[in-house]
Every structure is written in C-alpha cells, then in structure tokens.
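Novice: In case you want the letters, here they are:
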Amino acid sequence: MSLSRGAIGWSRENLFSGWGNTLVTLLIIWLAWKLALPFFDWAITKAIWVDPDAQACRAAKGVGACWALITEKHRLILFGTYPFEAQWRPALAVLVLVALYIISALRACWRPWLALAWVAGLGAIGVLMWGGVFGLVYVENERWGGLALTLLLATFGIAFAFPLSILLALGRRSEMPIIRWLSVGYIELIRGVPLISLLFMASVMLPLFLPEGLTVDKLLRAQIAMILFAAAYLAEVVRGGLQAIPRGQYEAAQALGLSYWKSMGFIILPQALRISIPPLVNVFIGFFKDTSLVLIIGLFDLLTTVKVSITEPKWTGYGVEAYLFASAVYFVFCFSMSRYSQALEVSLASSAARTPVKEAG
Amino acid sequence: MIELQAVNKWYGDFQALKNINLSIAKGEKVVVCGPSGSGKSTMIRLINRLEVHQSGKVVVDGIELTDDLKSVEAIRSEVGMVFQSFNLFPHLTVLENLTLAPIWVRRMPKREAEEQAMQYLGRVQIPEQAHKYPGQLSGGQQQRVAIARALCMQPRVMLFDEPTSALDPEMIKEVLDVMIELAKEGMTMVCVTHEMGFARTVADRVVFMDQGEIVEAAPPKEFFAAPKTDRAKLFLSQILGH
Chain A
1 MSLSRGAIGW SRENLFSGWG NTLVTLLIIW LAWKLALPFF DWAITKAIWV DPDAQACRAA
61 KGVGACWALI TEKHRLILFG TYPFEAQWRP ALAVLVLVAL YIISALRACW RPWLALAWVA
121 GLGAIGVLMW GGVFGLVYVE NERWGGLALT LLLATFGIAF AFPLSILLAL GRRSEMPIIR
181 WLSVGYIELI RGVPLISLLF MASVMLPLFL PEGLTVDKLL RAQIAMILFA AAYLAEVVRG
241 GLQAIPRGQY EAAQALGLSY WKSMGFIILP QALRISIPPL VNVFIGFFKD TSLVLIIGLF
301 DLLTTVKVSI TEPKWTGYGV EAYLFASAVY FVFCFSMSRY SQALEVSLAS SAARTPVKEA
361 G
Chain B
1 MIELQAVNKW YGDFQALKNI NLSIAKGEKV VVCGPSGSGK STMIRLINRL EVHQSGKVVV
61 DGIELTDDLK SVEAIRSEVG MVFQSFNLFP HLTVLENLTL APIWVRRMPK REAEEQAMQY
121 LGRVQIPEQA HKYPGQLSGG QQQRVAIARA LCMQPRVMLF DEPTSALDPE MIKEVLDVMI
181 ELAKEGMTMV CVTHEMGFAR TVADRVVFMD QGEIVEAAPP KEFFAAPKTD RAKLFLSQIL
241 GH
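In order, the protein sequences belong to chains A and B.
Take 1 as the starting number for the first sequence in the working numbering and just add one per residue.
Take 1 as the starting number for the second sequence in the working numbering and just add one per residue.
Source of the hints: derived by calculation from the structure; they are not laboratory data.
Built from N, CA and C at the ideal position, the CB exists for glycine as well.
Treat the hints loosely; a few may be bogus.
If you only want the chain A side, here are some residues facing chain B, beta carbon under 8 Å, derived [what the hints assert, rightly or not]:
#1 Leu189
#2 Arg191
#3 Ala244
#4 Gly248
#5 Gln249
#6 Glu251
#7 Ala252
#8 Leu256
#9 Leu258
#10 Arg274
#11 Pro278
#12 Asn282
Whole structure, please, built from the sequences with the hints as guidance.
Specialist: Here is the structure:
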C-alpha cells in the first residue's frame, strides 16, 4: 500500500462519499481558493515591507498590505512612549519575563529555587523599567507602554490574583460563617460588575476617597483593580476543583492529624488544582486579553500603542495591518498558554495511573 | 483508653446515636457489628471526631473531645483510622503517603520517616510497591498500604471502618491477616466489620448495634452461641445463614 493510495482512499471515503458530500467538499475548496489566495497575495506577495515616507504604501493601497507601518512603528507599538534611547530596557525586561515563563513551564524546574528566580527576575525587571540606580535614567511608569506593559499587567495580575483566589475559594467553603459570607460577598460583588467599571472606579473614584496628599499612581490602581477582578473568577474555578475531591480525601488527611492548612496544602489543593488546569488556563487567557481594557483609563498597553501608531497623518488608513499585527502578538501568547496547558494535562495524567481506583465489590 | 458516656447524635430530626455508653480498655479488641444504618460507622467516627456528637462525653486517652482544634488534632495523631474506601492520596507515591504525616505532624526527619515506612510496608508484605502510585495497586494492596499509613503515626488505638467491604473476596484474607497480626501485638482496636470469623478469632468483645443503640455487648463466644436479644438473633441468622 503506498501512502498516496491511502490518502486517496481516505478522501474518497470521507470527502467524496456520495454526491452531497462531494458538492460540499468542492464548494469549500472553491471558497478557500477564492478567499485564501487573495489574502496571501495581499499579505505576502504584493505587500510593502519597508517604506519610511509611506509613498509606496499609498500607491499599493487596497492591493498589498503595508507592513512598512509595523517596520516604522514597531518601537512605539512594543514599548509605547518609553524614552527612545532607553528602550533596550523594556526589551530586556520582556525577555526576562519570557525566560521566566519558559523555566516555569518546565517541570524539571519546579523546585524551590523557581520562586527565588521569580523574585530575582521581577526585581531585575523593576530596576530595568524604573531605573534611577546603576546609572540608569529614572523613567516614571506613566511612560511605560506597549507589549512590556501588557505582559507586566498580565503577569503581576495572575501572580497575585491566583493565590488570592485560592484563599477566596477556601473561604467560600469554610465552616466559619463570617469567612464564608465575606468570601461569597466578595466573589458575587466583583463578578457582578464589568471590569471596565472597576477600572473606572479605580482610576476616578478611588482618588476621591484617599486622604489629601496620599496618591497611588494610576498604573498601580489599574493593576489592583485587575487583580481583584481576576481573583473573583479564578476563585470559582478553584472551588469547582475543590468540590471534585472526594470527601474521603479530606477525612483521611484529618484522621492523620494534619492541620487544616497542611491537609489543604499537601492533599487537597494539589489534586484540586490539577483537575482545574483547563478552566484555569481559560481564565488566564481571558485575563491576558482583558488587560487591553486599561486603554480606557489612559494606559498605553499593546492595543493602545497599536491604535496610536496609525494616528500620524501619513500612516492613517492602515488599521487592518496594525490590528492584524496586534492580533498576531496576542495569539502567540494565548496559543502558547493553551498548548502548554494541554501538554501539562497529558504529562500529569501519564506520569502514573493516578486516579483513585475503587475496587468493584 | 476510650470512654463514650451517654452520647447522642442527630442528623436533623433523625437520631443516629441513642445514649451510647461504651468503655474500651487499653489493648482491648472490640468488633462492632449490626445491620446497615445501625450507627456503627457513626459511632467509630466519633472517636477521632470525624463526626461530632451533640450530647454526652467522648474521652480518648484522657482527653475529652470538644471543639478545641488542638486537642482534636492531638487525638487524631494518636488514633489511626482505616476506611472502607482506602482513601489513599492518589497524587502521592505509596512511600509519600506513609511519610507525609510523620514528617509534618510528628516532625520526624525525612530519612527516619522513610526507614520507618519501609519497615511497616515490610510488615504488610508489600515493600516492593513503595514507589508506585496507589492507582497502580490492587484493592487489597491499597488497603494494606492504608493500614501501614496509619501505623506510621505509631497510634495508640486503631479504628477500622468496614476495612474489607470494598474488596474482592480473594483479597479479604490478605487484609484480615494483617489485622490479626496487629491484634496479636497488643494494639487497641475498634473494628466495624461483618467478618464474623475475624470477630471470633481476635475480638475480646462484640458490640451489636441496631437503630442507633448498643443492643448487646459480650465476648464473641457468648454472643455467637447465645445472643440474648431477638434483634441479635435475627441479625446473626441473616449474616451467617448463607
């Protein structure tokens, strides 16, 4: 049997079995041809890649994509209004973040030193972004922007929201009524409000309530609002995982004399979080994209810098290219998260037959 | 060692335990039997406070069980429990299952805890399974691991809550053998079971419960030969009849 024979056999069986199927198959091929080919033509063959004064782009308008916009404006898009000559600093900060993501993804690195690596990494990022020491010029965080800002908002958001959500989920299942009511109240209140209104409250209302002279900067306020928001959603996901753990696990931990926190930390949470990986990653991905909402309170995240990049008169009218680029960047991060979570599930499941086996009586 | 005095427990309107009085001496082996729903599991679970009683007194090893968490945790670390459904921790290896509590409750050094764990695995005849996960073992092996896990805390009392009910028949013996061995060593044991052969062999006393009450308590010879109450007679005829 040759391979091609197999492929023909397969397509005959699945794509051309009967005139109805054949018709649908041909229609889809025709549509794909009609749509994909012009797109390829526009995006690759007829595209303008380098064009500092936007003349060639004008000429090719509607025929070829103007990627020259990205070539020209990539510094603005990636780093916002960060001082131009110092933009190697946010660039390096992004690399440090990505490196931290990668080592955190490797199971071999799941050791206590990973926490230290994060502390050191985030410290280095703080130094790079703010400066003011080691001869680096101080840059206030109003000028941070672009991909660097998006990644920082998302990373800090998840890093703080996740532990908070675990406490909330445990609180919601607590036997102490006050703790339970507080947790339920918090979760329901935050879930019942759109993120946009939380951000508005954080940026507009909060300063009104703070005493004279005490100011919390805009970025920090937005970050806190996002942490509070994400924690409420994550808490419900974690609670779902906790509920899936059989009662016998709680009892066995108690019966051994383990305290509440030890039984949660060693027995219940490791199992609950493992089965919650798919919905957790779902929330992480949603949260990563939600960081783009900070544009409404005037922070220059990736999507905002993309928008700004097409406001200069000679580059107006290239919104499609600009937003395609932004989408591609978001997609790379979200798709990596998604693939990683799938791989993690498989590796956790296959490392041993770990499901509790109940013998049939 | 264990004192239950006038203990009552309700689930809503349903009274699960009615005026339970039971005193168990050090080294004594007590088998608790009775029809399902008679409250025997509830009673045994009072002893390490997995269930909470509403009136009466439960005293274990001189400490009364109250809402005070510290005393409850102290008692739980002295009282080993084996469950019907094993309740091993599926995400940990057998060895980790055995060393977790000694390390984190008894503050035993890791190496020492592992040596002790291997020793108990040897006693329940499965040292070669130490690095497997519970899901890879048979039911009988899992239950033997569960017994070893409880023993690693060097408990003064062992509670067994229908330890063989979830097992295939051919695996029951291997678990009972371990329990008989344990009884011979003088462990104080309270065991809810329908294994009347086991009761005959090791029990000092058989406690028969029905509808939340202790109906009869007698040495096995007496209990099996001449049960005093009709309820016990009926139960024995049903359980031994086939």
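Novice: If a hint holds in the structure, say so; if it doesn't, say that too.
Specialist: Taking the hints in turn, this is what the structure says about them:
1. Nearest Cβ of chain B to the Cβ of A:Leu189: about 31 Å, over the 8 Å cut. The hint is violated.
2. Proximity of A:Arg191 to chain B is violated relative to the hint, the smallest CB-CB distance being about 30 Å (cut-off 8 Å).
3. Against a cut-off of 8 Å between C-beta atoms, the interface hint on A:Ala244 is violated, since the closest Cβ of chain B lies about 12 Å away.
4. A hinted interface residue such as A:Gly248 counts as satisfied when its beta carbon comes closer than 8 Å to some beta carbon of chain B; here the least separation is about 4 Å, so the hint holds.
5. Satisfaction of the interface hint for A:Gln249 is found here, the shortest Cβ-Cβ separation to chain B being roughly 6 Å, below the 8 Å cut-off.
6. For A:Glu251, the interface hint holds, the least distance from its beta-carbon to any beta-carbon of chain B being 5 Å, beneath 8 Å.
7. With a cut of 8 Å, the hint placing A:Ala252 at the interface with chain B holds, because the nearest CB-to-CB distance is about 4 Å.
8. Hint on A:Leu256 holds. Least Cβ distance to chain B is approximately 4 Å, under the 8 Å limit.
9. For the restraint placing A:Leu258 at the interface with chain B, the shortest Cβ-Cβ distance is roughly 6 Å, inside the 8 Å limit, so the hint holds.
10. Among the interface hints, the one on A:Arg274 holds; its C-beta lies about 7 Å from the nearest C-beta in chain B, closer than the 8 Å criterion.
11. Given the 8 Å rule on beta carbons, the hint for A:Pro278 is violated: about 17 Å separates it from the nearest Cβ of chain B.
12. Below 8 Å, beta-carbon pairs count as interface contacts, and A:Asn282 has none with chain B, the closest being about 22 Å; its hint is therefore violated.
In this structure, the earlier hints numbered 1, 2, 3, 11 and 12 are contradicted, and the remaining ones agree with it.
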